[in-house]
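Chains A and B, in that order, give the protein sequences. Heads up: the first sequence is residues 423 to 833, going by the working numbering. Heads up: the second sequence is residues 423 to 833, going by the working numbering.
All clues stand as given, with none of them false.
Pulled from the structure, derived: some chain A residues nowhere near chain B, Cβ distances all over 10 Å:
{"no.": "1", "residue": "Leu427"}
{"no.": "2", "residue": "Asp435"}
{"no.": "3", "residue": "Asp441"}
{"no.": "4", "residue": "Glu446"}
{"no.": "5", "residue": "Arg448"}
{"no.": "6", "residue": "Gly513"}
{"no.": "7", "residue": "Pro516"}
{"no.": "8", "residue": "Leu544"}
{"no.": "9", "residue": "Glu546"}
{"no.": "10", "residue": "Ala554"}
{"no.": "11", "residue": "Ser692"}
{"no.": "12", "residue": "Lys709"}
{"no.": "13", "residue": "Arg716"}
{"no.": "14", "residue": "Arg774"}
{"no.": "15", "residue": "Thr817"}
Derived DEER-like restraints, expressed as beta-carbon distance ranges:
{"no.": "16", "chain 1": "A", "residue 1": "Gly695", "chain 2": "B", "residue 2": "Thr827", "range": "50 to 60 Å"}
{"no.": "17", "chain 1": "A", "residue 1": "Gly717", "chain 2": "B", "residue 2": "Asp545", "range": "39 to 49 Å"}
{"no.": "18", "chain 1": "B", "residue 1": "Thr447", "chain 2": "A", "residue 2": "Arg718", "range": "36 to 46 Å"}
{"no.": "19", "chain 1": "A", "residue 1": "Arg448", "chain 2": "B", "residue 2": "Pro616", "range": "12 to 22 Å"}
{"no.": "20", "chain 1": "B", "residue 1": "Asp462", "chain 2": "A", "residue 2": "Pro772", "range": "41 to 51 Å"}
{"no.": "21", "chain 1": "A", "residue 1": "Arg448", "chain 2": "B", "residue 2": "Leu558", "range": "58 to 68 Å"}
Hints were generated in silico from the structure; no laboratory data involved. All C-beta atoms in this analysis are idealised placements derived from N, C-alpha and C, irrespective of residue type, glycine included.
What follows is the residue order along each chain.
Number of protein chains: 2
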Amino acid sequence: MFFQLKTVEDILDIIGGLDGPADETRVSLTDALDRVLAGDVISPEALPGFARSSMDGFAVRARDTFGATEGLPALLEISGEVAMGAEPDRGIAPGQAARIATGGMLPEGADAVVMVEYSQALDERTVEVSRAVSPLENVIGPEDDVRKGEHVLPRGTRLRPRELGVLAGLGLDGVAVVRRPVIAVISTGDEIVPVDRTPRPGQVRDINSHTLSAFCTRLGAEPLGLGLVPDRFDRLRERLLHGLERADSVWISGGSSVGTRDLTVQVLESIDGMEILAHGVSISPGKPTILARRGRCTVWGLPGHAASALVVAEILLGPFLRRITGERGEPLPPHGSVEAELSRNIESAPGRDDFIRVRLHRKEGRLVAEPLFGKSGLISPLARADGLLRVDRFTEGLYQGARVTVRLFGA
Amino acid sequence: MFFQLKTVEDILDIIGGLDGPADETRVSLTDALDRVLAGDVISPEALPGFARSSMDGFAVRARDTFGATEGLPALLEISGEVAMGAEPDRGIAPGQAARIATGGMLPEGADAVVMVEYSQALDERTVEVSRAVSPLENVIGPEDDVRKGEHVLPRGTRLRPRELGVLAGLGLDGVAVVRRPVIAVISTGDEIVPVDRTPRPGQVRDINSHTLSAFCTRLGAEPLGLGLVPDRFDRLRERLLHGLERADSVWISGGSSVGTRDLTVQVLESIDGMEILAHGVSISPGKPTILARRGRCTVWGLPGHAASALVVAEILLGPFLRRITGERGEPLPPHGSVEAELSRNIESAPGRDDFIRVRLHRKEGRLVAEPLFGKSGLISPLARADGLLRVDRFTEGLYQGARVTVRLFGA
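Okay, chain A solo, but in the shape it has when bound (with noise of 0.2 Å):
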């Protein structure tokens, strides 16, 4: 019954509301690249820890270079060199300058630096000095980058190259990360063989263990294959069990055929603790999603076309992916969407949320957004698409030339 079906927005919501992930496990920074902080990071020391040249030129006391111009310039004391990596022996006197290199350590009584342009040395021992320095100018504080003590890294982050940096910078080499969630992913149908068997006549190839699996790899889980199952009620429920046990999620698609529609939902309502918590969703394609729980893990029920289980994996599973992974936050700007113009006209029955596959393209500077038709389960247009265009409930169609918002595949 249509008015029985959860819509995206109650599915978001039952995921905003289901367990976070629970274990941490720790890892070095070169097995980190993707993964998502378990806890906040604080830094255990300042950043860069010692005052540091930010230009190339002479290190001063900024005192001695007031008032220098172009016509009048200051004359300085070459005191010596600053060298690269290392403590500088000696600090400068009153009218002394130090050469320095961009990054090298301020020298005792150093305040400021002056940067080569406007510094000429005459001699070994002098240096003009021809504009003026306040204290702390080109000057990188002890404490400028980072506090001891700051909040640098809140727990929930993905960590990318740039987030690896500054847990190198602070010498952090060990991280707590949350452990990648595994998914158990299943596919069911009488009709499906492995990829490796030669399908008979009325037979086809299993496409949706490896799009799926594909999926959690990207996403940042681990995929369990636990392989296809015959359209029947005991075998289907022992690979069940058996995935309940191993995994966070377990991901069954499949039965698609009128006799076994159900199939999935009878043998969740016979395991005891099995929570259903959505049978159908007003989407399309996707409608005979199902949601369920025992304990912490979560069941998903999935069309066994590979294009649908594909879609919903975009809409519901994303997201449901970036809950249990501990990954906080939506990214801010609507990553990977973009404006198209519509190349045709829409219908879409209203009462459910239409995801429709487009293709993308340049015509005459503007993007255009094509949709790809044709019957729900061809699997070649798969590969065809660039994103989704969303036609809503309360929409009943788009006409050729509408300013459409495409979501770009993100896995």
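Dock chain B against chain A, hints included.
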């Protein structure tokens, strides 16, 4: 000298002319995610290979339904049911219909499917059809999805979950992909210490080895960490030669102090057959970038500051990696860029392209880009930025409130 600097476009042109990837390797489907196809994929067979129902209902001869309406339904004899995954054991004769589920194989004699909504079984043997179907209606023909010999995926395609689905559907369990290029990563600088060492005053930890290696991994290359080298001609030369032997490209970051600024160039010039393609790029940050080549191996000299090196990575090394990983075609939409409103005036020197890190946030529903300034060399702003704003070399600045395009970080 500024006029000798190359522009971003010059460098991208040079990258476009570099040798593409040479070797290919064969991987199984489970290892193929994010790999790049080394050749076109041509379908070895037609899909689905048999006539398949795209709906639940009854397989019929279309002509037996012609003229059928709700008021004057056609009465057909039920000849049996098509089992999923099997060839029907008998055909249908004129006036007959067979129960069929979505994905079932059409029996001999049937050429269309009446949806279950328009068919009502009166008893075990008789079904009433209340709507006419045309031949092939609700049927996926044997070649409707993929024709035998069809080019389904072009060379240079990066395999995402969707493309893996197409390969799985075709039974292509092994696929030829481009070998992952190996990138040797070297950090130089007398002041740099490894992450696990406590820096003495004047020293800082090695960030670039971590950020650049992670950047490689993210973009499908294989980083080969060659560690730290002090600013010494012979040591850098020896490490570079080591990299040239083992890698497809060598990335050297550092050498930012006065005395060592040109060390990388001097080392490159001392190597037989090395051709320097660019020495200095009119971008900020990133001006001291160097590009050289010996045979098929490309050498990049990068700024020492972590933030500057990552900007050069986003702008130049990303396209470079796409070139040598064999990925074809720019992603059609400006993947991962968003329009935003500038939060304040920006000044910019003409003659160079400034890449300014910005943080994005929402303000009264509008997306606002807030430039992150600060002394170069700081690491803490690394993780705060969401993307880069380009102020090109013909623009002297941008006003607060301007509509700008922010390129989101891709790695």
